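Spelled out, the chains give:
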Amino acid sequence: MSLPLHLAALAAPRSATNQINDFLTGVKPDFVPDWALPLTTALISVGIAVAIISLVAMSGTWLERKVSGHIQCRYGPMRVGWHGWLQPIADGVKLLLKEDMIPLGADKPLYLLAPALVLASILGAMAVFPLAPDFYFADIDLGIFTILALTSTTTIGVVMAGWSSNSKWSLYGAMREAAQVVAYEIPLGISLLVPVMVAGSFNLLEVSNGQAGGFGVLNWYIWPWVNPFMGPAFLLFFIAILAETKRAPFDLPEAESELVAGFMTEYSGIRWSFFFMEEYAAMFLYCVVGSFFFFGGFESPLTSLARATDVHLLVQVAAAVTIIAKGYAGLFLMMWLRWTLPRVRIDQVMTLGYKYLTPLALACVLGASVWEVFLAPVLPWR
Amino acid sequence: MYFDYLNVLVFAAVGLAFVFVNLIIASVLRPKRKSKVGLETYECGEETIGDSWIQFDIRYYTVALVYVIFAVEIAFLFPWALVLKSAAASDGIGVFVLIEGVLFIAILLLGLAYVWCKGDLEWVLSYSGPEYNPGDDRDPVKLPNIKELEAALEASDEHDSEASEEEAA
Amino acid sequence: MAELLFYLLSLGAIGFGIGVIRTHMPLYSVLSLLGTFFCLAGIYLLAGFPFLAATQLLVYAGAIMVLFLFVIMLLNLGDRDELNRQTGVALSGPRLAAAGICAGLLGLAGLIAAGWGGKVTPTEAVAAGGVDRLNDIAEVLFGRYMLPFEAASLLLLATMVGVMSLAKRQRGEETEAGDTGWPWHKGVEQ
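Protein chains in written order, with this note's numbering: chain A, 1 to 382; chain B, 1 to 169; chain C, 1 to 190.
What the hints contain is simulated information worked out from the structure, not anything from laboratory work.
Any given hint could turn out to be false.
What the hints assert, rightly or not - To spell it out: a stretch of chain A is covered by chain B in this simulated footprint if at least three of its residues, at any positions, have a beta carbon under 8 Å from a beta carbon of chain B; those stretches are:
(1) 44-56
(2) 66-80
(3) 98-105
(4) 228-238
(5) 252-266
(6) 305-312
(7) 323-333
Stated by the list, open to error - Pairs of lysine-lysine residues, derived as DSBU-like cross-links and limited to a Cα-Cα distance of at most 30 Å, are as follows:
(8) B/Lys118 with A/Lys355
(9) A/Lys98 with B/Lys32
(10) A/Lys108 with A/Lys66
(11) A/Lys66 with A/Lys94
(12) B/Lys36 with A/Lys108
(13) B/Lys147 with A/Lys168
(14) A/Lys94 with B/Lys32
(15) B/Lys34 with A/Lys98
(16) A/Lys66 with B/Lys36
None of the values given here were measured: they were computed from a predicted structure.
Using N, Cα and C, we set each Cβ at its ideal position, and we do this for glycine too.
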């Protein structure tokens, strides 16, 4: 049996601009087989991605404590390093040194597999996130669709963790997580249709390119002169990602004041930290997705300035700084909201998701599509 | 093309491996003094009563069913959103594709409206018995009469004191 | 390497598929099903249909979660003896024979299809415009297959209505039978 597979296509990245692969091709000794090249590229990329996730999680925990501290007129961590910036490392060491507990009543295989499944799917989704216009891990035309598909598997891991712990708290957490996903995955997907419609692409790089020009600001999709339905769509998107990432006011699956720690009550030490890592990675990833599809992606005045100098490296660095800054701005907004809004009740969660967000998102899509077909072609600035 | 997807797969595989590598590293460092008490299910210090693998009453099960249907809808609508712009650029086709999509969304909105009107989006309460009136016989908490209690207490006190007097004599 | 991947994924899909019916724990069955879907998505990807693969993950990840919920809702998983009695298909002669016949028929159907329609090469059919060109899929979907596309929405509508009435009917019987009669259960939040 012969499969219609192109081995050559498997062995080489589609575009020649993958910098890691180019570099490796340049330095490859003759005795190394060709197929080792993409694999090495992938491994190096994944190393970078793991580093990014770890850094985001570490800085995220620090930022969360500082932000919550200052919002409540406290300082937050101050002891380890200047303003406690080494606190996440101290926490990491503490977590590594903690005892590993697997509760006697737990369903062991599922209990062990759950954090791995959660982390694997979020890391797979991270592969789609481009760091700079010419520095990315996977240039996939299905970009956003792949991200949605992979992040939806993380919830299975969460429900699995909650159920396998065999604790009442965990079970409640898991059931609430399922309720939230069931209610918010739909508006999340539908609200993303609006920018996809305007961009005509799923690929994050292409979406970013579509917003170039206008001093790096004026062509962002969020502006009403691009499409007036974009603003409402972004609001819906933002509410949905708050629920998807289990952030307040939708933090019912964890709900530390009522469910101890929700689905991760029985997890401790390093095993527990994986869920935390996933949470911050998912927050960052969704914020980055939001900035790609609504707030210009790589485009900012900084990037336009760098582009004017015509130095390739400078443009890449400016773009990377832009996207990371936008991601962190989103993180900050999420933390701010956590200390501002009270938690909603579970039936309110479901009502909001299905009776308000879903119909509104569909209405946005309808309006935006009419605008795109009838008005966008005749607008002078489009 | 495969390279890019291969990358995603490698990322996911490393994500799996990352967990276990970290656990192995931690297993060298961390203490191992397992006590049975530490491994018990956490219930805020109380001893656990029973399994939590119970038949859980999921109130939003109808919504969960609707969710699967809407997930399929999203999978259909994404390609539609993708081509709408390029279709609008060429004459005539844009309106055609628009009507197609609008019809699709309208039919599904009809479904949502149906489910909504039928009350399937409501939070289902598990109890479906007769109305609960606090005053009726089924009131589970029956408070004892305080005056009766006091009288009983006094009687027993008197009895006690009489008994002790007799002993002393 | 691609062939090796294909065989690995196929083996995985079959293995997980057997797991679905062989395991005694209903939740393990559900997760085995997830494994099967992952492997199938991998095969779609290898055959050059990334959109199908991603859709498979997106739709079935949600569906698996709903299945998970329904297992928790409908079965009392703490009662192991009861579960062992009810689930897990025991291997027996007739059952093995039936499985063999089914597999043989499926294989035969595949061979006939391959012989009838020539060699089945999905990528070659699509590859003219590039395998991962999503726009091509979309144009075919909204041009040539416009009516099936609209029919799909009607099908989804019918599914929604049907599922609701079936679920409600079952639910109605259940609550009547399991009416606790405890007044304080009313309005208890989860």
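Each hint, compared with the structure:
| no. | hint | result |
| --- | --- | --- |
| 1 | 44-56 | holds (count 4) |
| 2 | 66-80 | violated (count 0) |
| 3 | 98-105 | holds (count 8) |
| 4 | 228-238 | violated (count 0) |
| 5 | 252-266 | holds (count 3) |
| 6 | 305-312 | violated (count 0) |
| 7 | 323-333 | violated (count 0) |
| 8 | B/Lys118 with A/Lys355 | holds, 13 Å |
| 9 | A/Lys98 with B/Lys32 | holds, 9 Å |
| 10 | A/Lys108 with A/Lys66 | violated, 36 Å |
| 11 | A/Lys66 with A/Lys94 | holds, 19 Å |
| 12 | B/Lys36 with A/Lys108 | holds, 16 Å |
| 13 | B/Lys147 with A/Lys168 | violated, 41 Å |
| 14 | A/Lys94 with B/Lys32 | holds, 15 Å |
| 15 | B/Lys34 with A/Lys98 | holds, 12 Å |
| 16 | A/Lys66 with B/Lys36 | violated, 38 Å |
The structure fails hints 2, 4, 6, 7, 10, 13, 16 (numbered hints given earlier, in ascending order).
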